[in-house]
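Chains as they are written, first to last, in my numbering: chain A, 1 to 472; chain B, 473 to 696.
Keep in mind that the hints were calculated from the coordinates and are not lab data. Check the hints yourself; a few may be wrong.
Capping the alpha-carbon separation at 27 Å, the derived lysine-lysine pairs in DSSO-like fashion look like this [stated by the list, open to error]:
#1 601/B x 672/B
#2 601/B x 573/B
#3 553/B x 483/B
#4 474/B x 490/B
#5 275/A x 490/B
#6 483/B x 275/A
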Amino acid sequence: MSSTTPASRGSLAGRLTLWYSLSAFLLVLASTGYLYWALAGNLDREDDGTIFDQIHILRILLRDHPEDAAAIRQEVEVESSARQHARLFIRILDPQGKVIVETSGMAHRLPSGTFPEPREGAEGIVVRTGTESFRVMSATAPLGRQENARTIQVAFDRSEEEKLLSEFRTRLLPLLGVSLVLCGVVGYQIARRGLRPVERISETARAIRSTTLGERLPAGEFPAELGTLARTFNEMLDRLQESFDRISRFSADIAHELRTPLSNLRGEVEVALGKARSPEEYRETLSSFLEEAARLSRLIESLLFLARAEHPETQIQREPLDVAQVLGGVREFYEAAAGESGVTVGVTASGPVPAHLDRTLLQRAIGNLVENALAHTGRGGTITLGASRENGKVNVEVSDTGCGIAAEHLPRVFDRLYRADRSRTAATGGAGLGLAIVKSIAELHGGSAEIESEPGKGTRVRLVLPAEMTKT
Amino acid sequence: MKILVVEDEKKAAAYLRKGLSENGFVVDVASQGEEGLDLARRGEYELVILDVMLPGRDGWSVLGELRRAGCQTPVLFLTAKDGLEDRVKGLNLGADDYLVKPFAFSELLARVRSILRRGPARQPETLKKADLEIDLVRHRAARAGKKLDLTPKEFALLALLARRAGEVLSRTAIAEQVWDMNFDGGTNVVDVHVRRLRSKVDEPFDRKLIHTVRGMGYVFDDAR
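One chain only, chain A, in its complex shape (with noise of 0.2 Å):
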């Protein structure tokens, strides 16, 4: 039916069939079995009934005529002929085993050795000659002294019993290969049935292409089982397509920051090509040309840096080195940018900061994080580096007292190309990869990169960087 992995589909569904029938079929034949067996057992206990009987009232013939031979000889004859079949056989010894008396035919077919021993409270035994099968028990029946006691021994035909046995057999058998099938065919269904809603769930998931990404199992019309199944799968399409919309998102947005300076370009190179000009023009328009050339190629750069740190296999260079030492150097490349601007940037780390950290990396984050400061930070304003380092984490900080950003940009400045205020740090020549850099700087170390903001006052950012390599 389906053409993709038939094998594991169908081990399942096979798998299901087999206990679901072999079950059901157990239970048939348990319950029927218990049927036959309760049967045979309550035919037995009649039988014994009746030859219980017939012992009692034989006694009771003994005692009342102990010598009365007629009377008992025609209990037996009465007993025997009152049924169109005898069925019972009763046969009365004396303590020599000398027949008394005897039901006729009894001799040949029951002789008096096939009978057991008299014992009190025993159950009938059966007995099979020939063809024919019999319940038989004995009895005593004292009379006063020892020497006067007699044995009765009574048979009971069972051939009645046998045949309704034989024929409950000959009825069971056909029904019970009928449910075996039936058990089969019905397992096979339920456990069609049961696996539908998987076959649905894969059928959704096979139809789901980048246009469709907006489709949802209804995890309700589930079972519950399945409808955790339906909704972990729905929550993974959920992600896939945030994702899907954020890297198209980031596509577009791509574009256009490729857009802005190349046309910028070639409406530079136009104009200036538009008539003739003066070596001085010429020299400016492609030293402008060559600015925005840097502007492309720094934006690519920054585009294949944030690409590669997101593949799995990229690896950093950790080497032993300072962190206090690195915020040092940081600052003092930025501190004559800074104090133009009339902001002071101080390092507040007490003592080394040891760590195995990416050196250019590190210095790239905190370089990025610094000139974001300064974009931001006005006249008077600080900048503070800080590095610390407890439980084996290195925590770098580097805050500010600038404008702040407000509270609805904070979830996403990690963003790429994401900015707060596109006119006033587009001014600055940031693309908005800045902090999307920091943060794959940070991830790449197994560390994160976190940020707090008050609008008026100023922002914090802090990386937390594992200080050993961590395994993964």
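Using the hints, position chain B against chain A.
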């Protein structure tokens, strides 16, 4: 000095030829790997600039074949991929340096000069350019006999520019060499440092030594 450029892209080949020629090199261009390999084997070049992506025989193969043939001409390879594996592969094959496209021409020129300088060149202890004297050992600089009051980084920046006089140094290269900052933030940080250096080195004097090359960087030039 003869340089062989193996590059299939016409525009790139053209500007490399032009730029290198104007900087005093004699340039031959090959547009295919096989042709490049044949030319390079003749051994008359001081340097081969090799593009990795070539039609037919690619740059790796040219480089490998060249080294197998025992030709030790320095090779600078150009690649559009800046994956670490690519660099490692090139350097393992015996390349002397690499550049990732897009690169600044000034950077290429610097690398070319640096490769060609390698070997016997010894760092001089002092540099004299016009009326500027730099003592590289004692970290002192003086102009027209007057000691310049420079911070260590300012001194390093001046020494770098003076040592590579005539070469345009990009802001990235300067940040890397002086501050060991290996990334290009695209901000004016280096400009500020250069401005401060100029205020000490050039401002008090008529003759300017440090020049801005717009869109490219800075150059130390005592002939202007």
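Pair hint outcome, residue 474/B versus residue 490/B [Cα-Cα no greater than 27 Å] = Distance ~13 Å between residue 474/B and residue 490/B Cα, so the pair holds.
Between residue 601/B and residue 672/B, is the straight-line Cα distance small enough, at 27 Å or below?
-> Judged against 27 Å, a Cα distance of about 16 Å means the pair holds.
Is it true that the CA of residue 601/B sits at most 27 Å from the CA of residue 573/B?
-> Measuring from Cα to Cα gives roughly 34 Å; hence the hint is violated.
Pairwise hint evaluation, residue 275/A against residue 483/B, where the allowed Cα distance is 27 Å at most = At roughly 24 Å apart (the allowed maximum being 27 Å), residue 275/A and residue 483/B satisfy the hint.
Given the hint that residue 275/A pairs with residue 490/B, does the C-alpha gap stay at or below 27 Å?
-> holds, 25 Å
Residue 553/B and residue 483/B: Cα distance at most 27 Å?
-> Between residue 553/B and residue 483/B the Cα gap is close to 19 Å, so the pair holds against 27 Å.
Going through the hint list in order, the structure does not satisfy hint 2, though it satisfies all others.
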